[in-house]
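Respectively, the protein sequence lines represent chains X and C.
In terms of my numbering, the first sequence opens at residue 1 and continues consecutively.
In terms of my numbering, the second sequence opens at residue 1001 and continues consecutively.
Mixed in with the good hints, there may be bad ones.
To be verified - Taking lysine to any residue pairs in the SDA-like style, the calculated list, with each CA pair at most 25 Å apart, reads:
(1) K1105/C - T191/X
(2) K1105/C - K55/X
(3) K55/X - G220/X
To be verified - The calculated label-pair distances, taken between Cβ atoms and stated as ranges, are:
(4) L33/X - D1134/C: 36 to 42 Å
(5) D1064/C - R209/X: 29 to 35 Å
(6) A116/X - N1165/C: 57 to 63 Å
(7) V310/X - R1057/C: 55 to 61 Å
Hints in this document: simulated from the structure, not taken from any laboratory.
Idealized CB from N, CA, C, for every residue including glycine.
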Amino acid sequence: MAEALTLAARPAALRPVWVLAGLACLLAAVSALWMWQGLGGGGNRGFVLGLRANKLAALALVGVSVGVSTVTFQTVAANRVLTPSIMGFDALYVLLQTALVASLGIAGFAGLPATAKFLSEIALMVLLASALFGTLMLQGARDIPRMILTGVILGVLFRSLAGFMGRVMDPAQYAVVQAASFASFNRVNATLLPVAGAVTLLAVLAAWRMSARLDVLALGRDAAVSLGLRHQAVVIAALSLVALLVSVSTAVVGPVAFFGLIVAGLAHGLTRSASHGVLLPAAGLIGATILIGGQWLFERQLGQAATLSVVVEFAGGLFFLYLLLKGRIR
Amino acid sequence: MIEIRAVSHRIAGTPILHDITTRLPEGRLTALIGPNGAGKSTLLRLIGRLEPLQAGRIRVAGHDIATTPTDRLAQVMAVLGQQTLIASRLRLAELVAFGRWPHHKGRPTAADRAHVAEAIRTFALDPLADRFMDELSGGQAQRAHIAMAFAQDTEWLLLDEPLNNLDMSHARALMARLRALVDRQGRSVAVVLHEVNYAAAWADHIIALKDGSILAEGAPDAVLTEELLSRLYDAPIAMGRHQGRPLVLHHA
Ligand SMILES: Nc1ncnc2c1ncn2[C@@H]1O[C@H](COP(=O)(O)OP(=O)(O)O)[C@@H](O)[C@H]1O
Ligand SMILES: [Mg+2]
């Protein structure tokens, strides 16, 4: 009875825990569905399970990366309509890859050991992105519209530079680049899974450990500095994690621009919490659930394995417009 | 004491502050006054390390702000800028609770919660504690931010135009609250005021800024004279007295 009273008196404090528990159950359910639905008996059962597990891991990894990176990025940018992709993070990654292929040639590019290549790419990406976007965000803190505009223009610039390089390089080389430049949840890059998984896990744990500092960062620069937050260091660290996570998901499935927007919007809307200790796990769970559930629906039920990325991007784009029209610029 | 030595500041090449040297006495309520654009906010933001110091030195209670770690400074001074961001997904009580962050770094104790409750009570915000910040009026949000700075429980409290958005009774209550902090708890307060009469009624020490330089400083009786204020605001200003303190007569 006394318990019931305190529960009733503090609905707001309890809600996030239940939301997280519900999201975790949902993710477990769609994962089980993905693994075992329509699984025949017979000799190739183990083989099919292995294939499915691989894809499940890839989808979960990308969903978590996109969710966590978008929420983190929106906090740093003090803005709810932006995603790392809209600001050109993934375009920078694609540009990096294109530049690598162009300078090393296919033989050189394909000859590199996949893991070492991937790790050096993301190291380079983290350096470039945190320097570039760190400068932009720290300088732009005063003038947010200008910061956003600069970021969007940078994104377009990276994309068109990568496109230009693709055009002037020979077609065989371009084919290698193209695989990295378009999103596809159907054709995931499975060789990278172990290392990508490890990187994602580390980055997500690091983001989770920053969650209290991200809460302070969300108060805005002045309040954060006044409270003794090492503002610049936290901004750079957060952007490095974003760069890491974007690199991973771009490497595994290719760039997704608007999907993060839906995930972050749902995470904020469902938890109604300002605490990143709640928001980050919620976003990760939501991202993974949507991708796994969506791919299950399109691949197994509708027989349209390649369509999910288009639908997700379309829905995300609509949500983006909705946010803009509602004036939710912040 | 806050010691300011030879501080100059430029924004985009334009000089904003010229070689400011002064002291803000400890255990006193200091008011910064001056016309719009005089550089009051800039000076306060420099003291509060919200802007990087370009030239000169500033020490707050013995801590050089250029060399003291910023989290240590947060235990010595709380600063509230003129413009505050509305963190829309935050409830008022959650915002005020952030004032304790310099002390607990993310793991609040019972003592921290007690400080927060006291700050909320002090600013009569109890009925609004569960409201989201974007559901408050400008004045209520302003009081919430002041309560947050108050909960930080620092030796120095720096406020930039805290009376903005406040009605007469809340403005007077805030000044009385600041006065009590100084008189009863021995704290030090620096506050930018654009309404000179609040400085006249409540301040111990006044610094008058004009065009990025200090025009006058000292006790209210010494600074708030007809001659000085007329020069400060470039307009003839008449002074009277009320209850033993100077009073600017707007209608004279
Ligand atoms: N970001 C900025 N860019 C250019 N000039 C600025 C900026 N901020 C302040 N200033 C200029 O600096 C001067 C002092 O500003 P401020 O310290 O805000 O004055 P006050 O608080 O006394 O009204 C003003 O002339 C103002 O125009
Ligand atoms: Mg000002």
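Subject >> Violated hints, by number in ascending order, as checked against the structure >> reply: Numbers 1, 2 and 3, in rising order.
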